[in-house]
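> Here's the letter readout for the chains.
2 protein chains.
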Amino acid sequence: MTENGFLHHGKVLTLDSMNPNVKRVEYAVRGPIVQRAVQIEKELREGVKKPFTEVIKANIGDCHAMGQKPITFFRQVLALCSYPELLEDNKFPEDVKNRARRILQACAGGSIGSYSASQGIELIRNDVARYIERRDGGIPCSPDNIYLSAGASDGIMTMLKLLVSGEGSSRTGVMISIPQYPLYSAGLAELAAVQINYYLDEAKCWSLDVKELRRALEAARKHCRPRVLCIINPGNPTGQVQSRQCIEDVIKFAAEENLFLMADEVYQDNVYAEGCQFHSFKKVLFEMGPEYSEKVELVSFHSTSKCYMGECGFRGGYMEVVNLDPEVKVQLTKLVSVRLCPPVTGQALLDLVVNPPQPDEPSYATFIKERSHTLAMLAEKAKMTQDILNQVPGISCNPVQGAMYSFPSIQLPPKAIAEAKEKGQAPDMFYCMKLLEEKGICLVPGSGFGQRDGTFHFRSVMWILKVFFIKKLTAAPFGPVKTDSGSFVPIGRFH
Amino acid sequence: MTENGFLHHGKVLTLDSMNPNVKRVEYAVRGPIVQRAVQIEKELREGVKKPFTEVIKANIGDCHAMGQKPITFFRQVLALCSYPELLEDNKFPEDVKNRARRILQACAGGSIGSYSASQGIELIRNDVARYIERRDGGIPCSPDNIYLSAGASDGIMTMLKLLVSGEGSSRTGVMISIPQYPLYSAGLAELAAVQINYYLDEAKCWSLDVKELRRALEAARKHCRPRVLCIINPGNPTGQVQSRQCIEDVIKFAAEENLFLMADEVYQDNVYAEGCQFHSFKKVLFEMGPEYSEKVELVSFHSTSKCYMGECGFRGGYMEVVNLDPEVKVQLTKLVSVRLCPPVTGQALLDLVVNPPQPDEPSYATFIKERSHTLAMLAEKAKMTQDILNQVPGISCNPVQGAMYSFPSIQLPPKAIAEAKEKGQAPDMFYCMKLLEEKGICLVPGSGFGQRDGTFHFRSVMWILKVFFIKKLTAAPFGPVKTDSGSFVPIGRFH
Numbered sequence: 001m002t003e004n005g006f007l008h009h010g011k012v013l014t015l016d017s018m019n020p021n022v023k024r025v026e027y028a029v030r031g032p033i034v035q036r037a038v039q040i041e042k043e044l045r046e047g048v049k050k051p052f053t054e055v056i057k058a059n060i061g062d063c064h065a066m067g068q069k070p071i072t073f074f075r076q077v078l079a080l081c082s083y084p085e086l087l088e089d090n091k092f093p094e095d096v097k098n099r100a101r102r103i104l105q106a107c108a109g110g111s112i113g114s115y116s117a118s119q120g121i122e123l124i125r126n127d128v129a130r131y132i133e134r135r136d137g138g139i140p141c142s143p144d145n146i147y148l149s150a151g152a153s154d155g156i157m158t159m160l161k162l163l164v165s166g167e168g169s170s171r172t173g174v175m176i177s178i179p180q181y182p183l184y185s186a187g188l189a190e191l192a193a194v195q196i197n198y199y200l201d202e203a204k205c206w207s208l209d210v211k212e213l214r215r216a217l218e219a220a221r222k223h224c225r226p227r228v229l230c231i232i233n234p235g236n237p238t239g240q241v242q243s244r245q246c247i248e249d250v251i252k253f254a255a256e257e258n259l260f261l262m263a264d265e266v267y268q269d270n271v272y273a274e275g276c277q278f279h280s281f282k283k284v285l286f287e288m289g290p291e292y293s294e295k296v297e298l299v300s301f302h303s304t305s306k307c308y309m310g311e312c313g314f315r316g317g318y319m320e321v322v323n324l325d326p327e328v329k330v331q332l333t334k335l336v337s338v339r340l341c342p343p344v345t346g347q348a349l350l351d352l353v354v355n356p357p358q359p360d361e362p363s364y365a366t367f368i369k370e371r372s373h374t375l376a377m378l379a380e381k382a383k384m385t386q387d388i389l390n391q392v393p394g395i396s397c398n399p400v401q402g403a404m405y406s407f408p409s410i411q412l413p414p415k416a417i418a419e420a421k422e423k424g425q426a427p428d429m430f431y432c433m434k435l436l437e438e439k440g441i442c443l444v445p446g447s448g449f450g451q452r453d454g455t456f457h458f459r460s461v462m463w464i465l466k467v468f469f470i471k472k473l474t475a476a477p478f479g480p481v482k483t484d485s486g487s488f489v490p491i492g493r494f495h
Numbered sequence: 001m002t003e004n005g006f007l008h009h010g011k012v013l014t015l016d017s018m019n020p021n022v023k024r025v026e027y028a029v030r031g032p033i034v035q036r037a038v039q040i041e042k043e044l045r046e047g048v049k050k051p052f053t054e055v056i057k058a059n060i061g062d063c064h065a066m067g068q069k070p071i072t073f074f075r076q077v078l079a080l081c082s083y084p085e086l087l088e089d090n091k092f093p094e095d096v097k098n099r100a101r102r103i104l105q106a107c108a109g110g111s112i113g114s115y116s117a118s119q120g121i122e123l124i125r126n127d128v129a130r131y132i133e134r135r136d137g138g139i140p141c142s143p144d145n146i147y148l149s150a151g152a153s154d155g156i157m158t159m160l161k162l163l164v165s166g167e168g169s170s171r172t173g174v175m176i177s178i179p180q181y182p183l184y185s186a187g188l189a190e191l192a193a194v195q196i197n198y199y200l201d202e203a204k205c206w207s208l209d210v211k212e213l214r215r216a217l218e219a220a221r222k223h224c225r226p227r228v229l230c231i232i233n234p235g236n237p238t239g240q241v242q243s244r245q246c247i248e249d250v251i252k253f254a255a256e257e258n259l260f261l262m263a264d265e266v267y268q269d270n271v272y273a274e275g276c277q278f279h280s281f282k283k284v285l286f287e288m289g290p291e292y293s294e295k296v297e298l299v300s301f302h303s304t305s306k307c308y309m310g311e312c313g314f315r316g317g318y319m320e321v322v323n324l325d326p327e328v329k330v331q332l333t334k335l336v337s338v339r340l341c342p343p344v345t346g347q348a349l350l351d352l353v354v355n356p357p358q359p360d361e362p363s364y365a366t367f368i369k370e371r372s373h374t375l376a377m378l379a380e381k382a383k384m385t386q387d388i389l390n391q392v393p394g395i396s397c398n399p400v401q402g403a404m405y406s407f408p409s410i411q412l413p414p415k416a417i418a419e420a421k422e423k424g425q426a427p428d429m430f431y432c433m434k435l436l437e438e439k440g441i442c443l444v445p446g447s448g449f450g451q452r453d454g455t456f457h458f459r460s461v462m463w464i465l466k467v468f469f470i471k472k473l474t475a476a477p478f479g480p481v482k483t484d485s486g487s488f489v490p491i492g493r494f495h
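Protein sequences appear in the order of chains H and W.
The numbering of the first sequence is this note's numbering, which starts it at 1 and goes up by one.
The numbering of the second sequence is this note's numbering, which starts it at 1 and goes up by one.
By construction, these hints were calculated from the structure, which means they are not laboratory data.
Heads up, some of the hints might be wrong.
A pair holds if it fits inside one copy or across any two, identical chains being indistinguishable in the list.
[Claimed, not checked] With a straight-line cut-off of 25 Å between C-alpha atoms, the simulated PhoX-like cross-links for lysine-lysine are:
hint	residue 1	residue 2
1	K295	K252
2	K383	K334
3	K369	K334
4	K383	K49
5	K334	K423
6	K11	K42
7	K11	K23
8	K161	K334
9	K211	K421
10	K283	K295
11	K421	K91
12	K329	K49
13	K222	K204
14	K50	K434
15	K369	K283
16	K329	K97
17	K11	K334
18	K295	K423
19	K415	K91
20	K334	K222
Since we're looking at a predicted model, the values are computed, not measured.
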């Protein structure tokens with residue numbers, strides 16, 4: 001203690017004194033395994049010898065990082081918006097220039113450096129509304145119901161923030177799928193909401209069964225007030241695409257049980273499997289007639305980060321609210337205004353996504369070529385993923401119908417499970433850590449997404465599943481195993 | 001009620017059932033007066049006749065919206081980052097190309113469309129650290145202590161989120177100045193933290209007195225646990241610049257009272273008044289010796305939105321944490337990872353701000369010319385603001401030493417106050433609404449920032465204070481008054 005008498009206090013902000021909700025937050029996609037991967041990359045750069053020369057990051061759907069190319073038209077327009085003097089440059093096509101002018105005119109002072117309206121630039125909200133109407137076969141969409149956001153994550157957190165209230169057994173309960181994308185569990189922990197798990201059926205290609213929703217809901221009613229049902233379609237991390245019937249069943253369930261529906265539809269253009277098709281919750285809701293379409297409260301999220309764009313760094317996105325109470329909408333608008341506005345470059349990019357080059361415009365042919373190429377590559381990888389992974393004894397992988405991930409189950413040897421437990425690690429975390437240390441492959445363990453007790457999985461971004469990857473996978477981390485198809489897998493044996 | 005038995009439930013999400021903390025949030029800078037201003041703009045476009053032809057928005061520090069020009073170098077580099085094919089274009093100076101290449105190399109896959117590390121791109125955090133060291137005369141700064149953010153607002157909310165805990169009388173109390181920037185009161189309402197008001201001394205040019213801090217702290221200890229002290233320097237909305245002595249006093253106070261210091265220093269380069277100088281809290285802290293510099297926990301915020309850049313739309317910013325508990329830092333890193341990453345274009349812009357063209361580089365001369373011009377314009381407007389406003393009877397305005405606003409006190413006639421009360425409006429809101437409806441000037445009433453009871457103010461962005469503005473102000477909204485200097489002010493009389 002000093003003469004001032006304050007040094008004995010120690011820190012103001014410590015693990016003990018900090019917000020306990022934040023402490024409970026977990027986010028596996030960027031968790032300990034990714035931090036270790038970054039360290040290993042540093043060690044490699046510093047010349048440390050490893051059994052591999054680079055870390056393969058299959059932990060996150062970061063398209064451009066893995067070599068996916070941006071769409072030329074998008075980037076040209078963004079360059080002109082950044083530096084409008086380029087509008088005088090003859091090397092840019094007319095449609096690129098027109099589009100840049102149109103966006104700049106919608107910005108205060110003609111600059112993307114100005115704040116926009118907190119809900120997003122009006123012109124862009126209009127374009128989003130028209131885009132949704134085209135997608136949904138003409139079902140009307142009002143730009144007043146569109147809120148632009150910094151990626152979908154921002155919108156999801158904003159809606160959860162509005163929805164969570166009450167104390168003790170009347171605290172808001174939010175139903176999320178297991179496996180889930182961990183933004184949901186993290187957001188619910190931060191808000192001290194009650195997480196209600198409903199399980200997807202791995203045996204039926206990760207499909208959703210309303211019986212399971214009902215089971216979860218009824219169990220939860222004993223200790224909280226369930227008010228929200230979150231759906232991810234196409235699924236992350238599970239890659240399933242919901243049938244129209246399933247969506248209708250979910251909507252009926254939400255209506256009957258008075259649940260607010262949150263539909264995470266950021267992978268709506270990432271559908272690969274034959275016979276699968278994306279159906280928006282909004283469209284199905286409106287096709288079910290006024291009894292539902294005038295009643296069920298729904299919010300749907302979309303983003304510029306996935307699909308053929310893959311522009312994660314721009315943090316572009318939007319949400320559409322349907323049947324939101326007008327007074328609550330005022331509150332929502334107020335809430336988003338505190339953060340001033342979503343990044344304007346992300347808004348501009350979103351405008352291009354919802355309003356791409358038209359057939360009579362000079363950039364159209366290149367745009368279509370680039371988009372088709374990227375989508376074809378993604379579809380090919382989706383197919384390859386399931387084919388290759390299922391060749392590996394001990395690994396079992398559902399078809400990747402959509403989105404960008406596979407979530408195979410892995411059989412871990414009892415000795416591996418025992419050693420993991422000794423170390424206080426989840427067995428699949430232990431497995432993924434070994435794979436990282438020995439082979440330089442960075443996957444996210446299934447425990448970060450949730451899984452049925454006693455089962456183990458990992459999530460891998462599908463584009464990583466090239467031959468060299470599968471070779472590494474089959475040689476690690478618990479020693480090779482001879483099988484019919486050659487020198488194979490980690491997983492069957494341990495020591 | 002229908003046969004399904006659910007329609008009688010009504011909405012899930014209503015004013016009654018929503019998060020009560022969100023309901024308590026207020027954000028005057030984009031509040032009802034601004035919404036009305038947007039409506040009026042629409043009415044004008046639709047041909048509705050008004051006593052004015054355009055709305056002058058003096059509600060927000062939105063530089064480019066008011067005609068401030070972006071820095072050419074910044075926008076050129078950003079254009080090249082967006083569309084790297086321009087690197088082959090001979091029309092761009094070499095330093096622009098080099099800088100774009102350097103940023104792109106630091107992005108995964110060489111694309112600003114990739115996610116960055118959640119804490120921000122390492123190269124840029126390094127550049128920020130070097131910038132802070134130069135600013136603070138060589139006091140060391142570690143890039144590990146730098147977190148990039150989506151504007152300063154994002155960083156401020158993140159830190160408050162970490163800091164708030166406890167229930168009832170042990171709930172975290174956060175000291176904020178009155179007047180304050182309403183992000184703070186909004187953030188505290190959202191987090192259900194206890195807001196502790198300390199008043200700035202209007203009679204002494206809005207200076208901060210430690211005696212007042214102590215009064216506020218002691219009063220607050222009866223009902224909460226005060227743990228955080230927020231300072232805005234230069235002041236928003238009050239425009240004062242703190243003396244070095246004052247900062248030292250504040251740091252001593254924080255040390256004695258065991259408070260975590262949050263220093264909002266986004267206007268650090270907006271200092272105009274002779275004899276005034278910006279002193280960073282970090283520098284003063286380290287000059288006070290190890291007894292303080294090794295103990296006091298501090299976070300400082302900065303942004304690309306103000307100063308000569310004014311690039312609000314890019315949502316660029318950073319915070320530096322000093323003496324943060326290492327375990328808490330792990331938690332902070334985890335928390336920011338849930339939102340994936342700050343917008344990468346904002347990060348790139350920040351890099352250019354902290355690492356501008358050097359004297360031997362081709363873009364240097366233009367950069368200096370543009371920057372000097374903007375800063376000179378801002379300084380001129382600061383001077384003009386106080387000169388002109390103080391000519392108006394009933395308005396009294398402190399010198400604008402820094403930042404971008406004036407916060408004059410206004411004397412409202414008793415009849416105006418009475419009419420406001422009848423309408424259930426704060427009297428200065430009533431005044432500002434009248435000014436908007438009759439003259440098309442959009443100001444934010446002092447009640448949105450906080451003020452001593454019985455006093456009334458408005459905040460005006462200073463660049464708006466041109467001659468035509470003051471003419472409008474003096475002719476409204478309660479009828480002109482003859483004074484020595486001509487036909488003048490609203491404020492002395494009512495009806």
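> If a hint holds in the structure, say so; if it does not, say that too.
Results of checking the hints against the structure:
Proximity of K295 to K252 under the C-alpha cut-off of 25 Å is restricted to the intra-copy arrangement: shortest distance 11 Å within a copy versus 58 Å between copies. In this assembly of identical chains, K383 and K334 lie within 25 Å of each other by CA distance neither inside one copy nor across copies; the values are 45 Å within and 34 Å between. Within a single copy, K369 and K334 get their C-alpha atoms no closer than 42 Å, and across copies no closer than 40 Å, so neither meets the 25 Å cut-off. Taking the shortest alpha-carbon separations for K383 and K49, neither the intra-copy value of 35 Å nor the inter-copy value of 63 Å comes in at or below 25 Å.
In this assembly of identical chains, the alpha carbons of K334 and K423 lie at most 25 Å apart only when taken from different copies (22 Å versus 48 Å within one copy). Neither within a single protomer nor between protomers do K11 and K42 lie at most 25 Å apart by alpha-carbon distance, with minima of 31 Å and 53 Å respectively. Within a single copy, K11 and K23 get their C-alpha atoms as close as 17 Å, which meets the 25 Å cut-off; across copies the closest is 33 Å, which misses it. In the homo-oligomer, the alpha carbons of K161 and K334 lie at most 25 Å apart both inside one protomer (13 Å) and across protomers (19 Å), since each shortest distance falls under that limit.
Proximity of K211 and K421 under a CA criterion of 25 Å is satisfied in neither setting, with 34 Å inside one chain copy and 56 Å between copies. Taking the shortest alpha-carbon separations for K283 and K295, only the intra-copy value of 14 Å comes in at or below 25 Å, while the best inter-copy value is 58 Å. Taking CA atoms no more than 25 Å apart as the test, K421 paired with K91 passes in neither setting, with 62 Å inside one copy and 62 Å between copies. Taking CA atoms no more than 25 Å apart as the test, K329 paired with K49 passes in neither setting, with 57 Å inside one copy and 30 Å between copies.
With identical chains, the CA atoms of K222 and K204 are never at most 25 Å apart, being 29 Å at best within one copy and 59 Å at best between copies. Only within a single protomer do K50 and K434 lie at most 25 Å apart by alpha-carbon distance; the minimum there is 13 Å, versus 72 Å between protomers. In this assembly of identical chains, K369 and K283 lie within 25 Å of each other by CA distance neither inside one copy nor across copies; the values are 29 Å within and 55 Å between. Neither within a single protomer nor between protomers do K329 and K97 lie at most 25 Å apart by alpha-carbon distance, with minima of 36 Å and 45 Å respectively.
Within a single copy, K11 and K334 get their C-alpha atoms only as close as 35 Å, which misses the 25 Å cut-off; across copies the closest is 20 Å, which meets it. For a Cα distance limit of 25 Å, the shortest separation of K295 from K423 qualifies neither inside one copy, at 51 Å, nor across copies, at 35 Å. Neither within a single protomer nor between protomers do K415 and K91 lie at most 25 Å apart by alpha-carbon distance, with minima of 64 Å and 65 Å respectively. Neither within a single protomer nor between protomers do K334 and K222 lie at most 25 Å apart by alpha-carbon distance, with minima of 34 Å and 32 Å respectively.
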